[in-house]
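**Student:** Which chain is which? The protein sequence lines are A and B, in order.
Anchor point for the first sequence: position 175 equals 175 in my numbering, and the numbering is continuous, going up by one each time.
Anchor point for the second sequence: position 73 equals 73 in my numbering, and the numbering is continuous, going up by one each time.
What the hints contain is simulated information worked out from the structure, not anything from laboratory work.
Worth double-checking, as some hints may not be accurate.
According to the in silico footprint, chain B covers these stretches of chain A (three or more CB under 8 Å from chain B) [as the list claims (entries may be wrong)]: (1) 84-92; (2) 97-107.
Here are the simulated DSSO-like cross-link-like pairs (lysine-lysine), alpha carbons at most 30 Å apart as the crow flies [stated by the list, open to error]: (3) LYS108/A to LYS247/B; (4) LYS71/A to LYS62/B; (5) LYS247/B to LYS135/A.
Please read these numbers as outputs of a predicted model, since none were measured by experiment.
Every residue, glycine too, gets a C-beta built ideally from N, C-alpha and C.
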Amino acid sequence: MKNEHLLLSKVTIDFPTPNGPFRALDDVNLSITEGEFVSLIGHSGCGKSTVLNIVAGLHQATSGGVLLDGKEVNEPGPERAVVFQHHSLLPWLSAYENVELAVKQVFKGAKSKAEMDEWIKHNLELVHMEHAMDKRPSEISGGMKQRVGIARALAMEPKVLLMDEPFGALDALTRAHMQESLMEIQNELRNTVIMITHDVDEAVLLSDRIVMMTNGPAATIGEILHVELERPRDRLSLADDATYNHYRAEVLKFLHERHGRVAA
Amino acid sequence: MGTQIMTMLGNTGFGWVDNIVKLMTGKNRQEQFNMLAKSILVPMLAFGVFLMLWASVASQIKTSLGQVPGPVQVWEQAVTLYEEHSEERVKEQAFIERQIKRNEKKLAKNPDAKVKIRPYTGKPTYLDQIWTSIYTVLTGFIIASLLAIPVGIICGLSTTIYKAMNPLIQMFKPVSPLAWLPIVMMIVSAVYVSDDPMFDKSYLNSAITVTLCCLWPTIINTTVGVSSIDSDLVNVSRVLRLGWMTKVMKIVLPSSIPMMFAGLRVSLGIGWMVLIAAEMLAQNPGLGKFVWDEFQNGSSDSLARIMVAVFTIGIIGFMLDRIMLILQKSVSWDKDAVIR
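Given these sequences and hints, build the entire structure.
**Tutor:** If you want it as structure tokens, here you go:
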């Protein structure tokens, strides 16, 4: 077991409502090692995004907390880069400029102009977007926007990459492409990743561990599944693989038998 | 190059020139003809109907200043006003030449003699009045925008400041700036005391009155624009830990530009209307004073001359809005947005 990289300890959060506080998360404990790819899966409204936002520092836990390399997280920062569900690129900047904004902010003083330029291009190449560097978000497809969003996050050289349903808004084929790209990048960079997903196949294909969450209110971690499949993983050969299908069935059972939505 | 010119024409509302060019160069004539018909024939037809209605109604009404002028009389007065302007310019030129000659003679007799250069004191012509009004409204509008945009941004970013400012904004917004006019006049004459004033007091009075009414729509729209920034973009700036200035310049300003311009255009439109009224009321030079003077003058041409002013005011107001539109399109990042 590698050293503890990211630790969520007894994370509980209440949101104020007119009818008193609403407990969204209750006692979430999770330890993630460096280079691990963890998926959070659960029904919508179960607080997956809240967990991610707390790690990102966008929300503050009411009690408990998050430690990254032993330091407490209490504000957002580029070492915990976020890939948002809706790309959230600045529409008035080109793909290059969007990544540049992040790079300039993170490497101010640390990299020269030429180094920054090279680093921006390198990250755009990683996500295969070098051909559309000068295009604005409105001129590229949804998948391409999400690629640029990933490039922007990677360019911050984060300790943890947080992905909030990054492919949720894409069509199935594009999503498959993006998953391949992500595995390719992951194979090279070995980032620590927390990804939120709704998609059981995506979770099994990409993750080292799948964290399954119970339904809210007061959601917490229900079960954790270790996915011990050889990497690199291939979608086609895994489709017939018994172990793969077993993992898949495990997650489905958790979601639909034990924690099926009462009112869908 | 050709496409660039066409895009510019399209931006300024002269897209139909494109259709004429294409019609003449023979690219799918039928379609171009239809487009052309829609973009100029229909408006021209409507204008023709308007002129006819005007002419027929005007001939029915007699006033103490004679018949209400129809389009023909108004056109004649427009020409007369231009001729008066040209004559005045000729006179001014003659005055200046006479003065130079006189001064040269004086200097030739006695090189130490002090020569006086007197400005021409002829009455301002119609075109002078137009120009006065235009730069007065622009001065007031620019001062207002320079104040209102930062205030709007701050109000949009901070709910506390917004809550503090909102009652004041809401209270002053519905006040007609003409109510302010006497106060502005008194304050300007009390505060702006100088032997060699850079600006006329009347110019300051009018410009400040315009400023007072241009502030509110810009503040309110900028505030709304800034406070409705996509929360994802705000989160991006938080994750990147952007500094306040970078955040404003890179995220807040660009995303609030459409709303901000909506406010600026409303402001300029109101400012132009208010300026004319202020000039009439305070007898400050400009188109408003021209209208009032003509009304007091009460000659048989007066109504026609006032009608000329009405059209001038309308056309200039329209042009000011077009200029804002071009500005908006040139700074807008969303090239697909329909802006009209």
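**Student:** Take the hints in turn and mark each one as holding or not.
**Tutor:** The hints, checked one at a time:
{"no.": "1", "hint": "84-92", "in the structure": "holds (count 6)"}
{"no.": "2", "hint": "97-107", "in the structure": "holds (count 4)"}
{"no.": "3", "hint": "LYS108/A to LYS247/B", "in the structure": "16 Å, holds"}
{"no.": "4", "hint": "LYS71/A to LYS62/B", "in the structure": "89 Å, violated"}
{"no.": "5", "hint": "LYS247/B to LYS135/A", "in the structure": "22 Å, holds"}
In summary, the structure is inconsistent with hint 4 from the numbered list given earlier, while agreeing with all the others.
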